[in-house]
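Let's have the full structure, built from the sequences with the hints guiding it.
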Amino acid sequence: MKDKEKFVCLMSGGTDSPVACYLTIKQGYIPLIVHFHKSLTDPLSDEILANGVFAIIKILSNFLDEQIKTYLIDHNLIIKELQQSNAGRNICVLCRRMMYRIAKEIALENEAKAIVTGESLGEKASQTPMNLYIMKESVGDFLIIQPLIALFKLEIENIAKKIGTYKASIQKAYSCTANPKYPVTYANLDKILEIEAKININDLIQQSLKSAKILYF
Numbered sequence: 110m111k112d113k114e115k116f117v118c119l120m121s122g123g124t125d126s127p128v129a130c131y132l133t134i135k136q137g138y139i140p141l142i143v144h145f146h147k148s149l150t151d152p153l154s155d156e157i158l159a160n161g162v163f164a165i166i167k168i169l170s171n172f173l174d175e176q177i178k179t180y181l182i183d184h185n186l187i188i189k190e191l192q193q194s195n196a197g198r199n200i201c202v203l204c205r206r207m208m209y210r211i212a213k214e215i216a217l218e219n220e221a222k223a224i225v226t227g228e229s230l231g232e233k234a235s236q237t238p239m240n241l242y243i244m245k246e247s248v249g250d251f252l253i254i255q256p257l258i259a260l261f262k263l264e265i266e267n268i269a270k271k272i273g274t275y276k277a278s279i280q281k282a283y284s285c286t287a288n289p290k291y292p293v294t295y296a297n298l299d300k301i302l303e304i305e306a307k308i309n310i311n312d313l314i315q316q317s318l319k320s321a322k323i324l325y326f
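If you read the sequence shown in our numbering, its first letter stands for residue 110, the second for the next number, and so on.
One should not assume that every hint holds.
[Said to hold, decoys possible] Here are the simulated DSSO-like cross-link-like pairs (lysine-lysine), alpha carbons at most 30 angstroms apart as the crow flies:
{"no.": "1", "residue 1": "Lys178", "residue 2": "Lys115"}
{"no.": "2", "residue 1": "Lys113", "residue 2": "Lys322"}
{"no.": "3", "residue 1": "Lys262", "residue 2": "Lys178"}
{"no.": "4", "residue 1": "Lys189", "residue 2": "Lys113"}
{"no.": "5", "residue 1": "Lys271", "residue 2": "Lys222"}
[Claimed, not checked] Label-pair distances were calculated between CB atoms; the ranges are:
{"no.": "6", "residue 1": "Asp112", "residue 2": "Asn288", "range": "38 to 46 angstroms"}
{"no.": "7", "residue 1": "Glu264", "residue 2": "Tyr242", "range": "19 to 27 angstroms"}
{"no.": "8", "residue 1": "Asn267", "residue 2": "Asn195", "range": "22 to 30 angstroms"}
{"no.": "9", "residue 1": "Asp250", "residue 2": "Ser320", "range": "34 to 42 angstroms"}
{"no.": "10", "residue 1": "Lys189", "residue 2": "Leu302", "range": "28 to 36 angstroms"}
{"no.": "11", "residue 1": "Asp299", "residue 2": "Tyr325", "range": "39 to 47 angstroms"}
{"no.": "12", "residue 1": "Ile323", "residue 2": "Asn171", "range": "19 to 27 angstroms"}
{"no.": "13", "residue 1": "Glu220", "residue 2": "Tyr242", "range": "38 to 46 angstroms"}
{"no.": "14", "residue 1": "Asn311", "residue 2": "Ile279", "range": "30 to 38 angstroms"}
{"no.": "15", "residue 1": "Asp250", "residue 2": "Gln280", "range": "35 to 43 angstroms"}
{"no.": "16", "residue 1": "Gly231", "residue 2": "Leu298", "range": "17 to 25 angstroms"}
{"no.": "17", "residue 1": "Phe261", "residue 2": "Ser320", "range": "32 to 40 angstroms"}
Keep in mind the hints are simulated off the structure, nothing from the lab. Glycine included, each C-beta is placed from N, C-alpha and C at the ideal position.
Below you can see the structure in the form of structure tokens.
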């Protein structure tokens with residue numbers, strides 16, 4: 110029997126990404142989960158992870174016959190670098206581009222064929238068509254799958270409740286303190302590339318990968 114193909118799932122711990130992951134599992138694919146954690150040094154970190162994203166992954170593992178390999182990555186590395194580069198209102202798009210790049214490296218290392226995300230059109234300021242295009246540009250022709258792209262929030266929440274991830278998704282979590290008051294909704298690629306020229310992207314990717322903790326659920 111042919112081995113099932115793998116995909117990398119960017120897992121925020123919110124409502125959307127677990128549903129996107131579940132829908133792809135349902136199609137017969139094996140997830141590798143990547144979670145960017147805001148504060149590994151916070152005294153509440155273990156509790157927040159246990160009640161949130163870890164609880165979600167355990168629920169998702171019930172739909173599989175094998176453990177889910179999970180990468181826990183220090184998000185502070187990216188945030189600090191972007192703040193120092195004066196990312197301003199573009200920081201959310203720039204941050205997402207870095208996540209995509211790191212996810213791509215993990216995918217290649219594990220022979221996974223795609224990255225799955227929980228984005229849906231207009232759900233957040235960063236999820237306009239233009240911003241989604243610019244985020245995707247960061248990984249070239251590598252496949253990005255967005256199963257929720259045309260779903261409304263209520264539809265996503267209903268699926269989350271059905272599969273059992275909803276309660277864990279609304280537990281206490283870290284809010285990103287780097288979010289600008291008015292994030293850019295229609296980013297300019299030239300401006301994004303200008304900011305990224307100030308960053309050693311490859312070094313940041315390698316630092317993030319080196320910091321990763323690998324867990325199995």
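Here is what the structure says about each hint:
1. Lys178 with Lys115: 11 angstroms, holds
2. Lys113 with Lys322: Within the cut-off at roughly 24 angstroms; holds.
3. Lys262 with Lys178: 28 angstroms, holds
4. Lys189 with Lys113: Given pair lysine 189, lysine 113 is violated - Cα atoms ~38 angstroms apart, limit 30 angstroms.
5. Lys271 with Lys222: 28 angstroms, holds
6. Asp112 with Asn288: 38 to 46 angstroms: The hinted range 38 to 46 angstroms holds for aspartate 112 and asparagine 288, with Cβ atoms some 40 angstroms apart.
7. Glu264 with Tyr242: 19 to 27 angstroms: 23 angstroms, holds
8. Asn267 with Asn195: 22 to 30 angstroms: 41 angstroms, violated
9. Asp250 with Ser320: 34 to 42 angstroms: Violated, since aspartate 250 and serine 320 (Cβ atoms, about 28 angstroms apart) do not stay within the stated range.
10. Lys189 with Leu302: 28 to 36 angstroms: 20 angstroms, violated
11. Asp299 with Tyr325: 39 to 47 angstroms: Holds - the Cβ-Cβ distance for aspartate 299 and tyrosine 325, about 42 angstroms, lies within 39 to 47 angstroms.
12. Ile323 with Asn171: 19 to 27 angstroms: Holds - the Cβ-Cβ distance for isoleucine 323 and asparagine 171, about 21 angstroms, lies within 19 to 27 angstroms.
13. Glu220 with Tyr242: 38 to 46 angstroms: 27 angstroms, violated
14. Asn311 with Ile279: 30 to 38 angstroms: Given range 30 to 38 angstroms: holds, Cβ gap about 37 angstroms.
15. Asp250 with Gln280: 35 to 43 angstroms: For aspartate 250 and glutamine 280 the Cβ distance comes to about 37 angstroms; the hint holds.
16. Gly231 with Leu298: 17 to 25 angstroms: 20 angstroms Cβ-Cβ, so the 17 to 25 angstroms window holds.
17. Phe261 with Ser320: 32 to 40 angstroms: 36 angstroms, holds
Violation of the numbered hints given earlier is confined to hints 4, 8, 9, 10 and 13; the remaining hints are satisfied by the structure.
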